[in-house]
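Engineer: One-letter residues, chain by chain:
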Amino acid sequence: EIVLTQSPGTLSLSPGERATLSCRPSQSVSSSYLAWYQQKPGQAPRLLIYGASSRATGIPDRFSGSGSGTDFTLTISRLESEDFAVFYCQYSGSSPPTFGRGTKLEIK
Amino acid sequence: QLQLQESGPGLVKPSETLSLTCTVSGGSISGSSYYWGWIRQPPGKGLEWIGSIYYSGSTYYNPSLKSRVTMSVDTSKNHFSLKLTSVTAADTAVYYCARPRNNQQQWLVFDYWGQGTLVTVSS
Chain D
543 EIVLTQSPGT LSLSPGERAT LSCRPSQSVS SSYLAWYQQK PGQAPRLLIY
593 GASSRATGIP DRFSGSGSGT DFTLTISRLE SEDFAVFYCQ YSGSSPPTFG
643 RGTKLEIK
Chain E
61 QLQLQESGPG LVKPSETLSL TCTVSGGSIS GSSYYWGWIR QPPGKGLEWI
111 GSIYYSGSTY YNPSLKSRVT MSVDTSKNHF SLKLTSVTAA DTAVYYCARP
161 RNNQQQWLVF DYWGQGTLVT VSS
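Line by line, the protein sequences give chains D and E. Last residue of the first sequence: number 650 in the working numbering, and the count goes up by one each step with no gaps. Last residue of the second sequence: number 183 in the working numbering, and the count goes up by one each step with no gaps.
Think of the hints as simulated: they come from the structure by calculation, not from any bench. Misleading hints may appear alongside valid ones.
[What the hints assert, rightly or not] Computed cross-link-like contacts, SDA-like style, restricted to lysine to any residue with a CA-CA straight-line distance of at most 20 Å:
1. E:105 x D:553
2. E:105 x D:547
3. E:126 x E:76
4. E:105 x D:628
5. D:646 x E:102
6. D:650 x D:627
7. E:105 x D:626
8. D:582 x E:143
9. D:646 x E:108
10. D:582 x E:172
11. D:582 x E:178
12. E:105 x D:583
13. E:143 x E:118
14. D:646 x E:154
15. D:646 x D:613
16. D:646 x D:583
17. E:143 x E:122
18. D:646 x E:103
19. D:646 x D:561
20. D:582 x E:102
21. E:105 x D:588
22. D:582 x D:544
23. D:582 x E:73
24. E:105 x D:648
25. D:646 x D:611
26. E:105 x D:551
27. E:126 x D:555
28. E:105 x D:605
29. E:105 x D:586
30. E:105 x D:621
31. D:582 x D:624
32. E:143 x E:76
33. E:126 x D:636
34. E:126 x E:102
35. D:646 x E:104
36. D:582 x E:105
37. E:105 x D:584
38. E:73 x E:125
Model the full structure from these sequences, guided by the hints.
Structural biologist: Here it is, written out as C-alpha cells:
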C-alpha cells in the first residue's frame, strides 16, 4: 500500500498569496495516478487535478499540479477566499487506492 | 446532471450490519462502464476507499475491509448498495458514494460524489 505524506499539515496564508502543497508517496509512483481533491466543511471532496497535472472539468487555472516519482505539488497561484479548505492527494495506481491525511489551508 | 444520493440508517448498533444505498439520477448505472465507488471519512479524519462495483456486479474491495464488506447493484432501480458487517465504533464515519472520472486509467479517481451520510455506531 502506498502511503502518501502531505505537508504542511496546516498552511496559513492570505488571499492573493501563492499556496504550495506537497504530497510525497512512500515509493516512486506513476504520475498518471496522482490526484488532488479539495474539501470544504460539510461537503464532499471535489476533484481538482488528475494525472498529477490535468485540471478536472470546471477547475480554475489558478490551480495547477506538478511533480513525479516521490514528490508532487499542488499550487494555487493567487488565493481567493473560496479556496480555503482541506486538500487531499490520492494515489490510484495500486490496490487499495490511498489518500493522504490532508493539508488544511486557512486564512491568515 | 449526474447526481448521487446515499440513504440508510444513521445509527447502527455495535456488532450489527451497516447497510447503505446510493441512488443515481441523471444517468444510468447499466448504460455506463464505470466502477461505482464507496468512500468513507471518520469525523475529523481523512478519506478511505471501501470498494467499487461494476454494473455487472464485479467488485473490488479494500483488503483492510474485505472480510466484512459486500457490495451489490440493482440496475432496475439504478442504485448500488454497501453492507458492512460486525461494525464497531471505528466504523463511525461519513459514507460517500461516488462515480469515477472514467473506466480506464482514472477508474478510481472520483469526480461525482454524493453529499455523504453520517453513520454512527453506538448502542
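Engineer: Take the hints in turn and mark each one as holding or not.
Structural biologist: Hints, verified against the model:
Note on residue 105 (chain E) and residue 553 (chain D): the hinted pairing holds, with a Cα-Cα distance of about 17 Å set against a maximum of 20 Å. Taken as a hint, the residue 105 (chain E) and residue 547 (chain D) pair is honoured in the structure, with Cα atoms around 14 Å apart against an allowance of 20 Å. Distance check on the hinted pair: residue 126 (chain E) and residue 76 (chain E) sit about 16 Å apart at the alpha-carbon level, within 20 Å; holds. Simply put, residue 105 (chain E) and residue 628 (chain D) have alpha-carbon atoms about 11 Å apart, close enough for the 20 Å limit, and the pair holds.
Restraint check for residue 646 (chain D) and residue 102 (chain E): satisfied, since their Cα atoms lie roughly 16 Å apart, inside the 20 Å limit. About 13 Å separates the Cα atoms of residue 650 (chain D) and residue 627 (chain D), which keeps this hinted pair within 20 Å; it holds. Between residue 105 (chain E) and residue 626 (chain D) the CA atoms are separated by roughly 17 Å; this keeps the pair inside 20 Å, and the hint holds. Our distance criterion of 20 Å between C-alpha atoms is broken by residue 582 (chain D) and residue 143 (chain E), whose separation comes to about 27 Å.
Restraint check for residue 646 (chain D) and residue 108 (chain E): the C-alpha separation of about 18 Å stays at or below 20 Å, so the hint holds. At roughly 15 Å between alpha-carbon atoms, residue 582 (chain D) and residue 172 (chain E) fall within 20 Å of each other, so this suggested pair holds. Taken as a hint, the residue 582 (chain D) and residue 178 (chain E) pair is honoured in the structure, with Cα atoms around 16 Å apart against an allowance of 20 Å. As the CA atoms of residue 105 (chain E) and residue 583 (chain D) are separated by approximately 12 Å, the hinted pair is consistent with the 20 Å bound.
Pair hint residue 143 (chain E) plus residue 118 (chain E) holds up; C-alpha atoms about 15 Å apart against a cutoff of 20 Å. With a C-alpha separation of about 19 Å, the suggested pair residue 646 (chain D) and residue 154 (chain E) falls inside the 20 Å cut-off, and the hint holds. Using a Cα cut-off of 20 Å, the hinted pair residue 646 (chain D) and residue 613 (chain D) holds, with the two alpha carbons roughly 19 Å apart. Of the pairs offered as hints, the one joining residue 646 (chain D) and residue 583 (chain D) holds, with about 11 Å between alpha carbons and a cut-off of 20 Å not exceeded.
Between the alpha carbons of residue 143 (chain E) and residue 122 (chain E) the distance comes to roughly 13 Å, so the proposed pair stays at or under 20 Å and holds. Between residue 646 (chain D) and residue 103 (chain E), the direct Cα distance comes to roughly 15 Å. Compliance with the 20 Å bound is thereby established for this hinted pair. For the suggested pair residue 646 (chain D) and residue 561 (chain D), the alpha carbons sit about 11 Å apart, so the restraint of at most 20 Å is met. For the hint linking residue 582 (chain D) to residue 102 (chain E), the alpha-carbon distance of about 15 Å falls within 20 Å, and the restraint holds.
As the CA atoms of residue 105 (chain E) and residue 588 (chain D) are separated by approximately 16 Å, the hinted pair is consistent with the 20 Å bound. A C-alpha spacing of about 25 Å is found between residue 582 (chain D) and residue 544 (chain D), which places the hinted pair above 20 Å, so the restraint is violated. Taking the CA atoms of residue 582 (chain D) and residue 73 (chain E), the gap is near 29 Å; set against the 20 Å cutoff, the hint is violated. For the proposed pair residue 105 (chain E) and residue 648 (chain D), the alpha carbon gap of about 17 Å is at most 20 Å, so the pair holds.
Proposed proximity of residue 646 (chain D) and residue 611 (chain D) is contradicted: the alpha carbons are some 24 Å apart, above 20 Å. With a C-alpha separation of about 12 Å, the suggested pair residue 105 (chain E) and residue 551 (chain D) falls inside the 20 Å cut-off, and the hint holds. With a C-alpha separation of about 41 Å, the suggested pair residue 126 (chain E) and residue 555 (chain D) falls outside the 20 Å cut-off, and the hint is violated. Between residue 105 (chain E) and residue 605 (chain D) the alpha-carbon distance is near 24 Å, which puts this suggested pair outside the 20 Å criterion.
Between residue 105 (chain E) and residue 586 (chain D) the CA atoms are separated by roughly 13 Å; this keeps the pair inside 20 Å, and the hint holds. With a C-alpha separation of about 24 Å, the suggested pair residue 105 (chain E) and residue 621 (chain D) falls outside the 20 Å cut-off, and the hint is violated. Among the hinted pairs, residue 582 (chain D) with residue 624 (chain D) is consistent with the structure: their alpha-carbon atoms are about 9 Å apart, no more than 20 Å. For the proposed pair residue 143 (chain E) and residue 76 (chain E), the alpha carbon gap of about 10 Å is at most 20 Å, so the pair holds.
A C-alpha spacing of about 16 Å is found between residue 126 (chain E) and residue 636 (chain D), which places the hinted pair at or below 20 Å, so the restraint holds. With a CA separation close to 18 Å, the supplied pair residue 126 (chain E) and residue 102 (chain E) stays within the 20 Å bound. Using a Cα cut-off of 20 Å, the hinted pair residue 646 (chain D) and residue 104 (chain E) holds, with the two alpha carbons roughly 12 Å apart. Between residue 582 (chain D) and residue 105 (chain E) the alpha-carbon distance is near 13 Å, which keeps this suggested pair within the 20 Å criterion.
Pair hint residue 105 (chain E) plus residue 584 (chain D) holds up; C-alpha atoms about 13 Å apart against a cutoff of 20 Å. The suggested pairing of residue 73 (chain E) with residue 125 (chain E) holds, with an alpha-carbon distance near 18 Å, which does not exceed 20 Å.
In summary, the structure is inconsistent with hints 8, 22, 23, 25, 27, 28 and 30 from the numbered list given earlier, while agreeing with the others.
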